[in-house]
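Q: Chain A is fixed; fit chains B and C onto it per the hints.
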Amino acid sequence: MNRIRLTWTHAAALVIAAFVAAPLYWMAVSSLKGVDEIGANPPTLWPEKITFDNYKQAFVDNNFGTYLLNSVLVSVVATAIVLSLSAFAGYALARLPLRGKAPIMVALLMISLFPTIALAAPLFLLMRDIGWLNSYQGLILVYTALNVPFAVWILRNFFLGIPKEMEEVAWVDGASPVRTVWSVILPQARPGMFTAAIFTFTACWTEFLIGLTLNTADRFRTMPVGLALFGSQFTIPYGTIFAAAMVSVLPIALLVLVFRRAVVSGLTAGAVKG
Amino acid sequence: MSDEPPEEVPSAAGEDDGHTVAPGRARRPLAPIHDEPPPPVTSPHRPGDEPGRGRRHLTSQRSVLERRFARLGWAFTWPALLIVLAVTLFPIAFSVAMSLSNVTVSADGFRLSGLTSDHYTLLLRSERWRHALLFTILYTIGTVLTELILGTLIALVLERLGGAGRGWMMALLLLPWAMITVVSAQLWAYMYNGVYGILTSMSDSVAGEPVQFLGTRMPAILSMAVADIWKTTPFVAIIVLAGLMMLPRDVIEAAKVDGADAWTAFWRVRLPLLRPALVIAVLFRILQAFGIFDLPFVLTGGGPGDATESLALLGWQVMFTNLDFGPGAAVAASTAALVLCGCLLFMRVFKARVGEEETGT
Amino acid sequence: MAFCAVPVLLAAAACGSAAGSASVDPRDVGPASGSITWYAINFGPEGLPQKLIDAFEKKHPEISVEFHAAPNNTDTMRATLTTEITGGSSSIDVFNSDVVWPAQFGAANLAMPLDEHLPDDFWDRFEERRAAVTEYRGKHLAAPLYADAGFLYYRKDLLDKHGLEVPKTWEELAETAATLQDSGDVKYGYVGQWANYEGLTVNWLEMSAAAGGRIVSHDHERSEIDSSENRRVLDFMRGMMNDGVAPSANTSFQEPQSIQTFVEGDAAFHRNWAHGYGEANTPEISAVAGKVGVAPLPTFEGEEGPGPSAMGGWNLAANPHSDRLGAVLAFIKWMTGPEAQRMLAENSVLPTNAEVLKDEDLRRDDPVLALASDIPLVARPSATPRYPQVSNGVFTNINGSLAGSTPPGAALRAASADIQRALDDEAL
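Chains as they are written, first to last, in our numbering: chain A, 1 to 274; chain B, 1001 to 1361; chain C, 2001 to 2428.
These are computed hints drawn from the structure, not numbers from a lab.
Some hints here could point you the wrong way.
[Stated by the list, open to error] Below, a list of computed lysine to aspartate or glutamate pairs in the DMTMM-like style, where the Cα atoms sit at most 20 Å apart:
(1) C/2059 with C/2339
(2) C/2051 with A/61
(3) C/2187 with A/36
(4) C/2187 with B/1204
(5) A/49 with C/2264
(6) A/49 with C/2284
(7) C/2358 with C/2339
(8) C/2187 with A/61
(9) C/2291 with A/36
(10) A/56 with C/2284
(11) C/2051 with A/218
(12) C/2358 with C/2121
(13) C/2187 with B/1209
Only chain A is shown next, with the shape it has when bound in the complex:
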């Protein structure tokens, strides 16, 4: 019985994996095709001639390496700030006797749903006034502000699910509030922290319009903006785009693989504590 179930689970997992991976496979394969083969009809399932020209095009002929580093820097720092701000705010909104929690939560929701297209131009004015156009800190600040609402919502939800006994013990033991949150609450909310971190990071990692608006100098451009510069008005250099995209998803894959244990054990720990 148990054995059969396991097999069904594996079969289902395989099907899911296939659906998720198929387009990714296509991207990977296409990034290795030459310009003539990428538009071949019918398409070839495996490159007839493997070439790394697209990668060379992205990293040598274009400045994609710089864009990638900028994106890593901005996304990592913004994620770190978002998490530290939201962890405390989320905890307070879940557990501490604050007046006006509902209005705060709704206000955060409102902010996170205001369309970015309408924010780009005024944000430009704002950043111009404080001289933070073409800088890392400008983009980091904006990304932080735009992603805190979601992180607060998600973390608050996780904190609500954590039993109160632990922190009460900590209070009784005389731990400072910051310490209590840091060493008692956060470890228990690890799945939530992980979820919030991944979503903040990917949101920063993939953001286009504000990155385009605030950082126009090549030195400060982020990756999604850099990708939009490939080719010219009447060409879509799919090969180059896919090559760059392959490299751009690698950090995420690595991140998850490296933290896989932490993530899984975090999830399990959360489950046991229940």
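A: Structure of chains B and C alone, referenced to chain A:
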């Protein structure tokens, strides 16, 4: 444990339990002491507080403590709020102001004059806006519902999978989600391409005739939805999975002991407990789906005709293609207002509470 | 770091709406020196903009130019420009401006009128019709940098094999295409840009003008798209789709997709801009290199030929907030002068300078250039700042009809209503 016996807890505690929704209830079987409403966090003690001095001191002691903890709450909350407000308050106010006044672009930049509702009147009278609104609402409902079902199924499979397999699957699932939206749109555009797209050529060999995915109305809408679902279902799956892992094991065990089959156990026991996680996932998917922009921008340009023109795409075109800043801001502001209503309605229906003030039930 | 920024931000928010530097006195342009930024989508063969800059800097050592690549999507580029310039930024000094932008940019103060700073005879260097489309309310808001036009590309080898002539009319084209398709030598007859975007307005305009139709009246007051001439064109286009001369995917084709179909050898005829010739004849990317000919666009039976080509290309415009206008003007003058324009022509980019366009040596080497100065041109109705909405009214309705969701009569009526609303300033 808390030295205050539960029965002394004022009614606020009961409300607190209510607003924690499912996890609050989930704790009960685990902690039999708190079979009655669990002690409120609003009353933890520090050593200096000398707890249990006597009931007569309780009220004043409580209020002192409450105030201290309220202060702490603000200290924890204000950095986040301040940074959010500092960055977004002016842009949002500016947009709303633009949507309500005559905007001219002079050599000195934007000039706003007068108060007018003309831009909103223009929207309401515009067939294009109404069409975009209808499309966006239907598209949001359709994709979010599909993602919710698929995401929950995937999460259940992953939960069962366990071990190393789960780690790898999660890494794989995150890839579509972490892809730059413009790039994934390009990837799908490439696969849907009417001449050399792999999907077109596959449909040719299966059906004997190439399917034109983006050329006509319904196929274009569905193709866009598929691309969207591929990219965003992992988001739902991971949130639900994290929620699943946080569920107390003993509840499920208890259900099993009671003889419930897997389906009933899931439907009756786990799904209700999952509600907070699902609500969060759906809430934020609604926000994103309602604001969908990159995908139609790259994939269809809103076409064929106006079949896939979303509100965000319309707003962008009005603002940055037509350079009509007032009406463009009105599209954005009205979209925000509509989504807010949608979200509040959703939370009301699903009784997801955003703070203890709302827990009147 | 983020924390200390907060008070500053609040202060900035308070005065944010007053942002923007004071306007520049038009007469005081400053010296022709310093460093300027040129914002443009990459054009021509890889590295051409930088080659032009190098040549310019050699002639003007006191000026240095930095090239800022713009996103390769025209709409995204316009959005960035709009944000920068309405925000009063001077970080871009000079930018490439689409041929259909002058009225819109003029109305929104996004480009500086150039007349006061350039000698009157400056404009004589261009073909008159090219200089004319940079005007808005009697002022030139940009100077033509490079030209573009629609051409018909065809498979020389297939026409020769079957002893067929290059078609002079659209009817002949459809017939020839069907013959070639029936022979099994080629899959599709004709590919163009019929997707839901600006390019369809261009394709429509060319065919409509060939049949004697118009989109709007001469004074840009009334919509004239719902006419019998235009009905004939739309019926013809739908006929091409129904008969399989144009692939059904044509309604989702922009330039990259249509040219890909053509260079794969899957289409007999192809409408595209000037770059189509070089691309289709480059062996590395084209399966039909050496087999491609170029001709003016066809007309309709009973109409004068050849059919007119839509005017494309880009101008140079100056940011009104630039504080290096002297240098910008020197740059504009040089870029539109013979030396730079000759460099463009040698790199298969159509020049706007009349003298270079007529250069016999250049024309001999480049069949597209040889055609360019002789073909009739038609301008999109972009003399009104409402042009984007007019164009939207054209392409959404025509595309919807080509994709089969609306019958032709209803589509033209709907287009007409949309365009009229746009002209009356009542469209979203």
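Q: It remains to establish, for every hint, whether it holds in the given structure.
A: Going down the list of hints, with the structure as the test:
1. C/2059 with C/2339: This hinted pair holds, its Cα atoms lying about 10 Å apart.
2. C/2051 with A/61: Roughly 15 Å between the alpha carbons, so the hint for residue 2051 of chain C and residue 61 of chain A holds.
3. C/2187 with A/36: Answer holds: residue 2187 of chain C to residue 36 of chain A is near 19 Å, not above 20 Å.
4. C/2187 with B/1204: Satisfied, since the Cα-Cα distance of roughly 14 Å is no more than 20 Å.
5. A/49 with C/2264: At roughly 18 Å apart (the allowed maximum being 20 Å), residue 2264 of chain C and residue 49 of chain A satisfy the hint.
6. A/49 with C/2284: holds, 14 Å
7. C/2358 with C/2339: Measuring from Cα to Cα gives roughly 14 Å; hence the hint holds.
8. C/2187 with A/61: Roughly 36 Å between the alpha carbons, so the hint for residue 2187 of chain C and residue 61 of chain A is violated.
9. C/2291 with A/36: holds, 17 Å
10. A/56 with C/2284: holds, 17 Å
11. C/2051 with A/218: holds, 19 Å
12. C/2358 with C/2121: holds, 19 Å
13. C/2187 with B/1209: The given pair, whose Cα atoms are some 13 Å apart, holds under the 20 Å limit.
Violated hint: 8 only; the structure is consistent with all others.
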